[in-house]
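Start from the sequences, fold in the hints, and give me the full structure.
Sequence order for the protein chains is A and B.
Just so you know, we're using our numbering here: the first sequence kicks off at 1 and counts up by one.
Just so you know, we're using our numbering here: the second sequence kicks off at 1001 and counts up by one.
Possibly wrong hints are sitting among the right ones.
Said to hold, decoys possible - Which chain B residues face chain A? A few, computed with CB under 10 Å, are given here:
(1) E1041
(2) D1059
(3) Q1080
(4) E1082
(5) A1238
(6) G1241
(7) L1245
(8) Y1267
(9) A1302
(10) V1312
(11) N1351
(12) I1352
(13) A1368
(14) V1369
To be verified - Lysine-lysine pairs mimicking DSSO-like chemistry, simulated, CA-CA at most 27 Å apart:
(15) B:K1054 - B:K1213
(16) B:K1003 - B:K1330
(17) A:K79 - B:K1054
(18) B:K1200 - B:K1171
(19) B:K1054 - A:K107
(20) B:K1003 - A:K107
(21) B:K1164 - A:K107
(22) B:K1139 - A:K107
Claimed, not checked - What follows is a set of in silico ranges between Cβ atoms, one per label pair, in the way DEER data are often shown:
(23) B:S1250 - A:E103: 35 to 41 Å
(24) B:T1389 - A:K129: 26 to 32 Å
(25) A:A105 - B:I1288: 28 to 34 Å
(26) B:F1385 - A:L18: 36 to 42 Å
Since the hints were made in silico from the structure, they are not lab data.
A virtual CB, placed ideally from N, CA and C, is assigned to each residue, including glycine.
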Amino acid sequence: MFIIKYKKIWYLLSIFLLIVSLLVMSFRGFNLSIDFTGGTIMEISYENRPVKELLESKIGQSGTSVRTSGENNYVIRTKEPIKVNLGGEVIRENTIGPVAGAELASKARIAMGVVIIMIVLFVTFAFRKVSKPVSSWKYGLVTIIALAHDVIIPTGFFVFLGKEIDLLFITGLLAILGYSVHDTIVVFDRIRENLHLSANEPFEEIVGRSVNQTFARSINTSLTIFITLLALYLLGSTATQNFSLLLIIGLIAGTYSSIFVASPLLVTFFSLQSKKGQV
Amino acid sequence: MRKYLIYSLILIATFAFIAFFFFKSQARPFRFGLDLVGGTELIYRADTSAVSDKAGAMDSLKEVIERRVNLFGVSEPLVQTEQGGIISGNRDDRLIVELPGVTDIEEAKALIGQTPVLEFHLVEQELFVPTGLSGRFLKHASVGFNQTTGAAVVNLEFDEEGKKLFAQITKEHKSEVLAIILDGNLLSAPVIQDEITDGKALITGNFSPEQAKSLVRNLNYGALPVPITLLSSQTIGATLGEVALARGISAGLIGFVALSIFLIFWYRLPGLVSVVALISYIVLSLTIFKLIPVTLTAAGIAGFILSIGMAVDANVLIFERSKEELKKGKSIHDALHEGFHRAWASIRDSNIASIITALILFWLGTSAVKGFALTLGIGVLISMFTAITVSRTFLFAIVPSNESKLKRFLFSNGLHVHN
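Right, here's the structure in full:
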């Protein structure tokens, strides 16, 4: 089974992408959107209200929100103060706080931590009957390693492209998180079943066969999701274009990790522990 | 297979019925977000003159109001603090509350109006002096009854920060009067007997049990740290507008058609059944979105389109499994049966993991995360029903009792023909 045989090549590719992602993140930093930073709000009254698009192009900042208010006014929110003259009569010009404040960040961090712990516990429980030859908590650990892989690489890619990190980005990462765990468990389930059926076969071969058997499903499920995401990217609203791009990258990373990283890692863990056993 | 045929007819009739009411129902229209249709903006002025930590008070004000107008995380409001006085130099703290649609403005005003302001003031020479302690530091409120008089009382429990503050106040101002003020009205003015270190306080007002109950309920939803007054209410336009909605819908339709072509091409007859199951997934999900109601934003629509692609996973698992069994030479009926049976464990475990994730995110997340978690959870549950129960019923209704090469071809999948 070439997937298990060449596992070092797959690891190297993943490790390379992970390191590049982490480097990009630490050197470039996150370009946080107005959702997280707050900014300025301006209300302008016009006798003849110009079209929205005109104001948007004059302001020229990404993440700007321009909306009508009442009969004659526009309310404009921007991250940086507006320097150009937009005409009309300025009614108010104030600072605004972030939509997603400190509470969201701290709560999201706690929630992610609890999700990770619960997934490890659940996988350990679900695979308790196949604790030999690899103990079931290692399946949980590998699920989380794959999850980290699938979240870090798209984030790095986005930072590399210089995209703004907004609330929708967080939602996208959560969707990737759900998909990643789901996909890894499906492959592991087949290993569990084959371990039951033929306990005497070498572990490596069982894993290889399981990946082989779930290969068509992994590719086809990724394809069905890819089809909908591509439609969304090409035809959907411009507001969700970055979201679908993020998910497409997450989908590729997630499919790759469940085939080429998660299952081979089980084999690596197995050979590590048998080496220890020999000493 | 007559049994499955009857079940199938019942299912089709049920979905047709739901779809009919779903499209006809004008009483419960879809709710669209601020980005797509706009809504109404309420601007409140916050009186922060009595607090020292103005920024902290404004943050907690935002949180309380947001929780109140977005209980399940699917109402998509925008709640934001605004600080005036860049030009004039006079600090003016405001809270912007934007709600999608215009139907619930009075209700929203009333909801926000119900949020109590609870303050604790010391009385010094006939004057009320704010202590900094307020409903913001409340952990929990409950109804109790006075042991001797039997009158309803309200028990308060402060959080860690509130506990310290309360202990400090009661220590430094022993035998002074501590006034408890609710929405600007004096509730009671007990004399501080001793230092209170356990963070518990008691309000004895002249409550009826009903009044005490409603006060407790409102306090537990969150008490405002500072009093607010409504400055203005205004209708506001959409940020993206109808175009974004139309593009979202067309992306969904084209995506669905492309997905259906792929499923029928690759999985043949079972693929066609999974397309029918997918249609029932879409109808059921949108109906539940209408009923809750879930406010649809451009992002929400994108998330739903993504979920359509994910919902077929269970079908893909089952069909791939059936194909393996067909290869082994089993009959169509037995192969399908085994396919459902053997795919179940992986469908169950992978979906349980998704449900665990959804539950935790809903439980611990703030509004935006909560909304994602709720729709994820609903999507997983409905897709399990449609991809397993619905497609099983339809498949077994059309399974042939005698086999031929053509029939085996129609029930197989992929690029190969299995005999």
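Against the structure, the hints come out as follows:
For the restraint placing B:E1041 at the interface with chain A, the shortest Cβ-Cβ distance is roughly 7 Å, inside the 10 Å limit, so the hint holds. About 6 Å separates the beta-carbon of B:D1059 from the nearest beta-carbon of chain A, less than 10 Å, and the hint is met. Among the interface hints, the one on B:Q1080 holds; its C-beta lies about 5 Å from the nearest C-beta in chain A, closer than the 10 Å criterion. Satisfaction of the interface hint for B:E1082 is found here, the shortest Cβ-Cβ separation to chain A being roughly 5 Å, below the 10 Å cut-off.
Taking 10 Å as the C-beta contact cut-off toward chain A, the hint placing B:A1238 at the interface holds, the least distance being around 7 Å. The interface hint given for B:G1241 is met, as the beta carbon of that residue sits about 8 Å from the closest beta carbon of chain A, less than 10 Å. A distance limit of 10 Å between C-beta atoms decides the matter here; for B:L1245 the minimum to chain A is near 8 Å, and the interface restraint holds. The beta carbon of B:Y1267 comes within 9 Å of a beta carbon in chain A, closer than 10 Å, and the hint placing it at the interface holds.
Given hint, B:A1302 at the interface with chain A, holds; its Cβ is 4 Å from that chain's nearest Cβ, closer than 10 Å. Interface restraint check for B:V1312: the shortest CB-CB distance to chain A comes to about 5 Å, inside 10 Å, so the restraint holds. Here the hint on B:N1351 is kept, as its CB sits about 8 Å from the closest CB of chain A, short of 10 Å. Restraint check, B:I1352 versus chain A: the minimum CB separation of about 7 Å is within 10 Å; hint holds.
The closest approach between the C-beta of B:A1368 and any C-beta of chain A is roughly 5 Å, which is under the 10 Å cut-off, so the hint is satisfied. Here the hint on B:V1369 is kept, as its CB sits about 6 Å from the closest CB of chain A, short of 10 Å. Distance restraint check for B:K1054 and B:K1213: the Cα-Cα separation of roughly 31 Å exceeds the 27 Å cut-off, and the hinted pair is therefore not satisfied. Proximity of B:K1003 to B:K1330 is assessed by CA-CA distance (about 22 Å); at most 27 Å being required, the pair is judged to hold.
Only pairs whose Cα atoms come within 27 Å are accepted, and A:K79 paired with B:K1054 is accepted, the gap being roughly 22 Å. At roughly 14 Å between alpha-carbon atoms, B:K1200 and B:K1171 fall within 27 Å of each other, so this suggested pair holds. A C-alpha spacing of about 22 Å is found between B:K1054 and A:K107, which places the hinted pair at or below 27 Å, so the restraint holds. A hinted pair counts as satisfied when its Cα atoms are at most 27 Å apart, and B:K1003 with A:K107 does not qualify at roughly 50 Å.
Between B:K1164 and A:K107 the CA atoms are separated by roughly 24 Å; this keeps the pair inside 27 Å, and the hint holds. Taking the CA atoms of B:K1139 and A:K107, the gap is near 17 Å; set against the 27 Å cutoff, the hint holds. Taken as a hint, the range 35 to 41 Å holds for the pair B:S1250 and A:E103, whose Cβ atoms sit roughly 37 Å apart. With their beta carbons about 27 Å apart, B:T1389 and A:K129 fall inside the hinted range of 26 to 32 Å.
Checked against the hint of 28 to 34 Å, the pair A:A105 and B:I1288 passes, with Cβ atoms roughly 30 Å apart. The beta-carbon spacing between B:F1385 and A:L18, approximately 38 Å, falls within the hinted interval of 36 to 42 Å.
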